[in-house]
Amino acid sequence: MNEKIVIENLSLQYDDGTESLRNISLGIPENAITVLFGPAGGGKSSLLRCLNRLNDLSEVKTMSGRIWLDGENILDPKTDVIRLRRKVGMVFARPVVLPMSIRSNITYGLEVMGEKRRSRLEEAVERSLIQAALWEEVKDRLNDPAIALSGGQQQRLCVARSLALEPEVILLDEPTSGLDPISTSKVEASLQEIKKNYSIILVPHSVQQAARTADFAAFFLQGELVEYAQGKTIFTAPTDKRTEDYVTGRFG
Amino acid sequence: MMTKKPLFNRNLTQKLGFSLLTLMAAMTVIPIIVVVVYIIYAGGGAVNWEFLSGLPHDGMRQGGIMPAIVGTFYLTLGTAAFSVPIGIAAAVYLSEYAPDNWWTRLIRIAIINLSGIPSVVYGLFGLGLFVLFLKFGTSILSASLTLSIMTLPVIISTSEEALRSVPQSFRTVSISLGATRWQTIRRIVLPEALPGIITGVILGLERAAGETAPILFTGAAFFLPRLPHSIFDATMALPYHLFVISTQIPEMPFQIQYGTALVLIIFVLGMNIFATIIRSRARARRQW
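Chains as they are written, first to last, in my numbering: chain R, 18 to 269; chain G, 23 to 310.
Treat the hints as calculated values from the structure; they're not laboratory data.
Be careful, since some hints might not be right.
[As the list claims (entries may be wrong)] Just some of the chain R residues that point at chain G, by a computed CB distance under 10 Å: (1) Arg103; (2) Phe109; (3) Val155; (4) Leu159; (5) Lys213.
[What the hints assert, rightly or not] DEER-style ranges, computed between Cβ atoms: (6) Pro189(G) to Arg83(R): 55 to 63 Å; (7) Val51(G) to Asn160(R): 37 to 45 Å; (8) Arg303(G) to Ala206(R): 53 to 61 Å; (9) Glu143(R) to Asp122(G): 40 to 48 Å; (10) Glu143(R) to Pro189(G): 22 to 30 Å; (11) Val143(G) to Asp93(R): 49 to 57 Å; (12) Val56(G) to Ala57(R): 45 to 53 Å; (13) Asp93(R) to Asn135(G): 41 to 49 Å; (14) Asn160(R) to Ser191(G): 47 to 55 Å; (15) Ala57(R) to Ser191(G): 45 to 53 Å; (16) Ser136(R) to Arg130(G): 17 to 25 Å.
[Stated by the list, open to error] Take a look, some chain G residues computed to stay more than 12 Å from chain R by CB distance: (17) Leu128; (18) Ile133; (19) Gln190.
Computed from a prediction, not measured in an experiment: that's the story for all the values here.
Ideal Cβ placement from N, Cα and C applies to all residues, glycine included.
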């Protein structure tokens, strides 16, 4: 198993002292779905936002440790964050489509990087929509405003938007929290499809989703990494009492 | 045990309260209707093509007010030329870039205080700085600059509000897709905030168009029956002309006074209605 990302002794605290991470060390494998799960406030989203340096926008008090992506420490102040964010795509909990057409939502990321060739943009639109299992539903109305899509379609559009940049890692922060079961299963199916080419890190919105999707799973509790193992192991035979209590529904 | 019967019926109290609130709200509408109706009644007869396109003569008791209309138009345009770019740039800085420190707090305090300064003080300031110190003379340039300073706080605060009302999530998404902050502002935030910014700009300019005191010492001419030749020329302007013909000229025909007032009100109200239309159309089209 190849490790795409290696997190070393990562600690993080926000200005207001809220959610934080305490000395996290974790290896994220390539071409697999790694699930970060646990009760709210455990630090899962914070960890995601470290991986593409989106935390640069937040009020961070202290951050220490290293995150290696392909052998490069991305927390180094000299890191080119624009290039990093192209390599590490992100899908948020609420589908946030940009106030423009379906097509422009997908081409936006490429255009800000200076891609002007129409053929390249068109190719990216079709490829990423197919990968996100949305192409058939929208191919005849690519110029419609993206907001007109249903919630589930919007979220798959957000996935497609990330894929259009041909990233290597995709971060998903509770991508199905606002979706109905059918849309959820569509999103999950497309994740299983795209993991063949990408490394996926998913914060699921329920333990059930974690169990369904995880190749590997990490259980977070109040900023601490309690247990990290293969999905099969952690949901059937967890070693830590706290993990067991959580996956069996005794708390959380 | 029986509950005590209330002194007043609760429904009656509610009806009384709502009626009172409705009445109070209606009272804000009454003055504007009365003013507009009266001015149309008293001055409507004076407004015709000759009045709008002619030069004043016979000590302004006869003829038209064309130089004042054109002058106010020039002053509004000149004010826009200075205050719009500066105002929008300042708003973008404050909303998108400014850290919360003593420097930006100082800027905010300055803006708040600018909007509280009486307009005549702006006039004196413009006289001192632009007319005398910078030697622009009493001119369209000096008056426009003075009006710009007065207009800036309105433009900055409304534009900043419009920028801040663009959801934060758009910015986060744009950044996460690899856009720079400036690309995010130019491609997402500014276009979304534009209707709000335009509304603010028009409201600011409308105030500038109607002001007398700031241009009194800086650019307005008492009587100049021709069009200005350049931005260094003084000009007649509607508000000042109205002040002159209502107070400085004996035996001034009433109709011309009210006709001038009517033209000024149409100019200013027209801008206001235009701003309202832009705002409501943008709201209807808004995609979030």
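Taking the hints in turn, this is what the structure says about them:
1. Arg103: 5 Å, holds
2. Phe109: Hint holds; Phe109(R) Cβ to chain G Cβ min 7 Å, cut 10 Å.
3. Val155: Since the shortest Cβ distance to chain G is 16 Å, the answer is violated.
4. Leu159: 16 Å, violated
5. Lys213: Violated: closest Cβ of chain G sits about 23 Å from Lys213(R), beyond 10 Å.
6. Pro189(G) to Arg83(R): 55 to 63 Å: 33 Å, violated
7. Val51(G) to Asn160(R): 37 to 45 Å: For Asn160(R) against Val51(G), whose Cβ atoms are near 44 Å apart, the range 37 to 45 Å holds.
8. Arg303(G) to Ala206(R): 53 to 61 Å: 41 Å, violated
9. Glu143(R) to Asp122(G): 40 to 48 Å: The hinted range 40 to 48 Å holds for Glu143(R) and Asp122(G), with Cβ atoms some 45 Å apart.
10. Glu143(R) to Pro189(G): 22 to 30 Å: 29 Å, holds
11. Val143(G) to Asp93(R): 49 to 57 Å: 54 Å, holds
12. Val56(G) to Ala57(R): 45 to 53 Å: Roughly 59 Å apart at Cβ, these two residues miss the hinted range, so it is violated.
13. Asp93(R) to Asn135(G): 41 to 49 Å: 44 Å, holds
14. Asn160(R) to Ser191(G): 47 to 55 Å: 23 Å, violated
15. Ala57(R) to Ser191(G): 45 to 53 Å: Because 19 Å falls outside the window, the suggested range is violated.
16. Ser136(R) to Arg130(G): 17 to 25 Å: 49 Å, violated
17. Leu128: Holds, since 22 Å exceeds 12 Å.
18. Ile133: At roughly 25 Å from the nearest Cβ of chain R, Ile133(G) sits farther out than 12 Å, so the non-interface label holds.
19. Gln190: 9 Å, violated
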